[in-house]
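Engineer: On the provided structure of chain A, position chain B as indicated by the hints.
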Amino acid sequence: MKVIETRNLSKIYNPDKVPVHALNGVNLAIERGEFTAIVGPSGSGKTTLLNIIGGLDNPTSGSVVVEGTEIAKLEGNALINFRLHNIGFVFQAYNLIPVLTAKENVEFVMLLQTRPKGEREARVIALLEAVGLSDKTDKRPSELSGGQQQRVAVARALASKPKFVLADEPTANLDSISAENLLDIMLKLNQEENMTFIFSTHDARVIRRARRVVTLEDGRIKKDLVQNEVSINF
Amino acid sequence: MWMLLKIAWRNIWRNPTRSLVVMFSLAIGVWATVFILAISDSLHAESLREGIEYKYGHVQLHSRAYKKRQELGNTVPDAPELLISIQEAPEVEAATARLLTAGMIASAGYSSNVQIRGVMPAEEEATTLLKTRLTDGEYLDVDRRNPIIIGEKLMEKLKTGVGKKVVLTFENTASELVSTSFRIAGTFTATQVRDEETMVFVRKEGLSRLAGIPGEANELVAKLKDPRKLDTFVSQLKGRLAGQEIVVEDWEQAAPDMAMVSDMIFQTDVIVTIIVLLALAFGIVNTMLMAVLERFKELGILMAVGMNKLRVFAMIVFETTLLSLAGAVGGMAFGFLTVLLANYTGVNLSLFSEGLSGWGFKEVIHPELEARVYLIITIAVIITAVLASFYPAIRALALNPSEAIRKEI
Chain A
1 MKVIETRNLS
11 KIYNPDKVPV
21 HALNGVNLAI
31 ERGEFTAIVG
41 PSGSGKTTLL
51 NIIGGLDNPT
61 SGSVVVEGTE
71 IAKLEGNALI
81 NFRLHNIGFV
91 FQAYNLIPVL
101 TAKENVEFVM
111 LLQTRPKGER
121 EARVIALLEA
131 VGLSDKTDKR
141 PSELSGGQQQ
151 RVAVARALAS
161 KPKFVLADEP
171 TANLDSISAE
181 NLLDIMLKLN
191 QEENMTFIFS
201 THDARVIRRA
211 RRVVTLEDGR
221 IKKDLVQNEV
231 SINF
Chain B
1 MWMLLKIAWR
11 NIWRNPTRSL
21 VVMFSLAIGV
31 WATVFILAIS
41 DSLHAESLRE
51 GIEYKYGHVQ
61 LHSRAYKKRQ
71 ELGNTVPDAP
81 ELLISIQEAP
91 EVEAATARLL
101 TAGMIASAGY
111 SSNVQIRGVM
121 PAEEEATTLL
131 KTRLTDGEYL
141 DVDRRNPIII
151 GEKLMEKLKT
161 GVGKKVVLTF
171 ENTASELVST
181 SFRIAGTFTA
191 TQVRDEETMV
201 FVRKEGLSRL
211 AGIPGEANEL
221 VAKLKDPRKL
231 DTFVSQLKGR
241 LAGQEIVVED
251 WEQAAPDMAM
261 VSDMIFQTDV
271 IVTIIVLLAL
281 AFGIVNTMLM
291 AVLERFKELG
301 ILMAVGMNKL
311 RVFAMIVFET
321 TLLSLAGAVG
331 GMAFGFLTVL
341 LANYTGVNLS
351 LFSEGLSGWG
361 FKEVIHPELE
371 ARVYLIITIA
381 VIITAVLASF
391 YPAIRALALN
401 PSEAIRKEI
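So the sequence lines, in the order shown, correspond to chains A and B. All residue numbers in the first sequence are consecutive under this note's numbering, ending with 234. All residue numbers in the second sequence are consecutive under this note's numbering, ending with 409.
Chain A extracted, bound-state conformation (with noise of 0.2 Å):
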């Protein structure tokens, strides 16, 4: 079943002055419980993908259909409200509200959702539980590590209970252990929750454990493997 659906999607910057062709007619779909990296040297248009998708920005031209629903058509609130209930997002730069904790960090999107409060208690361990921070609930993100703050990211993504997670370039600050440990985790999200995973990345260790593979250049998709064809190629 298709989660996402991108119709010859374009996007340029600056089209009056200068123009960017960032992305230049993509047709990608995305299959539920899909763990795809997008790869492609930088300017290749991979944030550009991930940020329309996301329902950040929005595509020159060409469509974004996310379960039925075309996101660009939908704007200000409605837009906000379709992201809170539908997509999970992990930054590189980890992103979490500082002066939360970790598990107010979690809590917070479960909050805007305005789900009851045992609920979101319920979520909130077991999604801490899941990430291995069990015992840094009451932190701040300036008291974790990079990769605990990358953790605590995903246990955020994951607590709307999403139909999917963008990740962009999730483990470009993390050094090799945190990193692994945090592939560990989403893979393991991905194949008990069925989670469909979507990421941007140039980590080489990340896209050998991908089981999809869609490479960017200039914009255009060059290349688009499945799980047995990556060993082969990267």
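Take these hints with a grain of salt, some might be off.
Distance ranges between label pairs, derived from CB positions [as the list claims (entries may be wrong)]:
| id | chain 1 | residue 1 | chain 2 | residue 2 | range |
| --- | --- | --- | --- | --- | --- |
| 1 | B | 9 | A | 85 | 55 to 63 Å |
| 2 | B | 9 | A | 27 | 24 to 32 Å |
| 3 | A | 143 | B | 403 | 35 to 43 Å |
| 4 | B | 371 | A | 143 | 39 to 47 Å |
| 5 | A | 145 | B | 403 | 24 to 32 Å |
| 6 | A | 143 | B | 289 | 50 to 58 Å |
| 7 | A | 85 | B | 13 | 44 to 52 Å |
| 8 | A | 139 | B | 386 | 29 to 37 Å |
Residues of chain B clear of chain A, computed beta-carbon distances all greater than 12 Å [to be verified]:
| id | residue |
| --- | --- |
| 9 | 10 |
| 10 | 11 |
| 11 | 40 |
| 12 | 90 |
| 13 | 94 |
| 14 | 108 |
| 15 | 164 |
| 16 | 210 |
| 17 | 256 |
| 18 | 267 |
| 19 | 283 |
| 20 | 290 |
| 21 | 302 |
| 22 | 305 |
| 23 | 400 |
| 24 | 402 |
Derived from the structure by calculation, the hints contain no laboratory data. Idealized CB from N, CA, C, for every residue including glycine.
Structural biologist: Using the frame of chain A, we list chain B on its own:
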């Protein structure tokens, strides 16, 4: 809501130095406003009390002719009967009648223009503070012929003293000059210097006889039990005396200079408060704008993960309001304690006493501020804080999450 408040409060303490500077400046602003208003209100209240209790009373009655020309013969029709009926009114604490005229006072070597105020000693004592202002000698109820009370300043000017004789000269109703000797029974002091120099008090009974209009009065003054019933009483009295040649006025109409000072002080209070609040508002806007611009990326993340614009707006407003309230509450508490202390010790304004006394103010005042003024200041600070938060909050709403996330700061 609770989470937004929690985030807002914790955000305040992310940069404790900056927040404390803002809180401190807010506290100083509120404290200064409270103290200035307490001083000015107390001066105002004191001036009003002085004017009303010492000279004007709450209500004054004159003949229409007297209001046009303040001449001795323009008396209130049937003054003795009218005075009794006013004294018997349930709202009235005391009332008195006066006979007023301009004249000249002369001692052995000096003379001066004065307003001669013929008063009924017992009734005047019950209605005004004249007797309490005696600084030397005796009151007009002394068992002696033609006693007179003069101000201390006038006594110095005439180079005379208590027990000595002075001559009063004035024009009677037949336009003849009348000169009679009076003996100084006592001296009085007044908060207004010009009153001490220009007013003399004699018995109305003797003055009216000398003027050729025995028993008459050209001014009736009433003091009410409850000044809050002034408007009702004045309108009732006007209704009762409708069609007669009598003008009924409350103290504001009878003493427009006092009313003007009262208005001026109120306007000054408002202007001072507005200036302080404006200064606070700019400080708040500056700080919060800086806080918002610094957190552009974070606000973008909040919007990306699903925080809608209303919540982002509310969070900034909460943060600003909490920051302002913390400073305002501190300033209010400090202001309250300062006013309490100043009320106990008194504030000596002797440096400005010459100017102040001209307006009827005392040298040492004991400031106090009504509870409702504290409430008004609190509400004004909250409104200012909320309004000041709008601009930074609107700037926050204008951000694009994807651009904000890309920002490096």
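Engineer: It remains to establish, for every hint, whether it holds in the given structure.
Structural biologist: The hints, checked one at a time:
Distance hint check for residue 9 (chain B) and residue 85 (chain A): the Cβ-Cβ separation is about 28 Å, which falls outside the suggested range of 55 to 63 Å. Between residue 9 (chain B) and residue 27 (chain A), the C-beta spacing of about 48 Å breaks the proposed range 24 to 32 Å. For residue 143 (chain A) paired with residue 403 (chain B), a C-beta distance near 30 Å fails the hint of 35 to 43 Å. Between residue 371 (chain B) and residue 143 (chain A), the C-beta spacing of about 46 Å keeps the proposed range 39 to 47 Å intact.
In this structure, residue 145 (chain A) and residue 403 (chain B) meet the distance hint of 24 to 32 Å, their C-beta atoms being roughly 29 Å apart. In this structure the supplied range 50 to 58 Å is violated for residue 143 (chain A) paired with residue 289 (chain B), their Cβ-Cβ distance being about 29 Å. Judged by the Cβ atoms, the range 44 to 52 Å given for residue 85 (chain A) and residue 13 (chain B) is violated: they are separated by roughly 32 Å. With their beta carbons about 34 Å apart, residue 139 (chain A) and residue 386 (chain B) fall inside the hinted range of 29 to 37 Å.
Annotated as non-interface, residue 10 (chain B) brings its C-beta within 12 Å of a C-beta of chain A; the closest such distance is 4 Å. A cut-off of 12 Å between C-beta atoms contradicts the statement that residue 11 (chain B) is not in contact with chain A; the least separation is 6 Å. Consistency note on residue 40 (chain B): stated as away from chain A, and its beta-carbon is indeed over 12 Å from all of that chain's, at 42 Å minimum. With a minimum CB-CB distance of about 63 Å to chain A, residue 90 (chain B) clears the 12 Å threshold, and the non-interface call stands.
Interface exclusion of residue 94 (chain B) from chain A stands, the closest Cβ pair being 66 Å apart, more than 12 Å. With a least CB separation of 86 Å from chain A, residue 108 (chain B) remains clear of the 12 Å interface cut-off, as annotated. Every Cβ of chain A is farther than 12 Å from the Cβ of residue 164 (chain B); the closest lies at roughly 82 Å, confirming the non-interface assignment. Its beta-carbon lying about 86 Å from the closest one in chain A, residue 210 (chain B) satisfies the requirement of being farther than 12 Å from that chain.
Look at residue 256 (chain B): its CB is around 59 Å from the nearest CB on chain A, clear of 12 Å, so calling it non-interface holds up. At roughly 44 Å from the closest C-beta of chain A, the C-beta of residue 267 (chain B) stays outside 12 Å, upholding its exclusion from the interface. Every beta carbon of chain A lies more than 12 Å from that of residue 283 (chain B), the smallest distance being close to 23 Å; the non-interface claim holds. Non-interface call for residue 290 (chain B) relative to chain A: holds, since the shortest CB-CB distance, roughly 17 Å, exceeds 12 Å.
Here residue 302 (chain B) does not stay apart from chain A, with its beta-carbon only about 7 Å from theirs, under the 12 Å limit. Distance to chain A contradicts residue 305 (chain B) as a non-interface residue, since its nearest Cβ pair spans about 6 Å, not more than 12 Å. Against the 12 Å criterion, residue 400 (chain B) falls within the reach of chain A, whose nearest CB is about 8 Å from its own CB. Its beta-carbon lying about 4 Å from the closest one in chain A, residue 402 (chain B) breaks the requirement of being farther than 12 Å from that chain.
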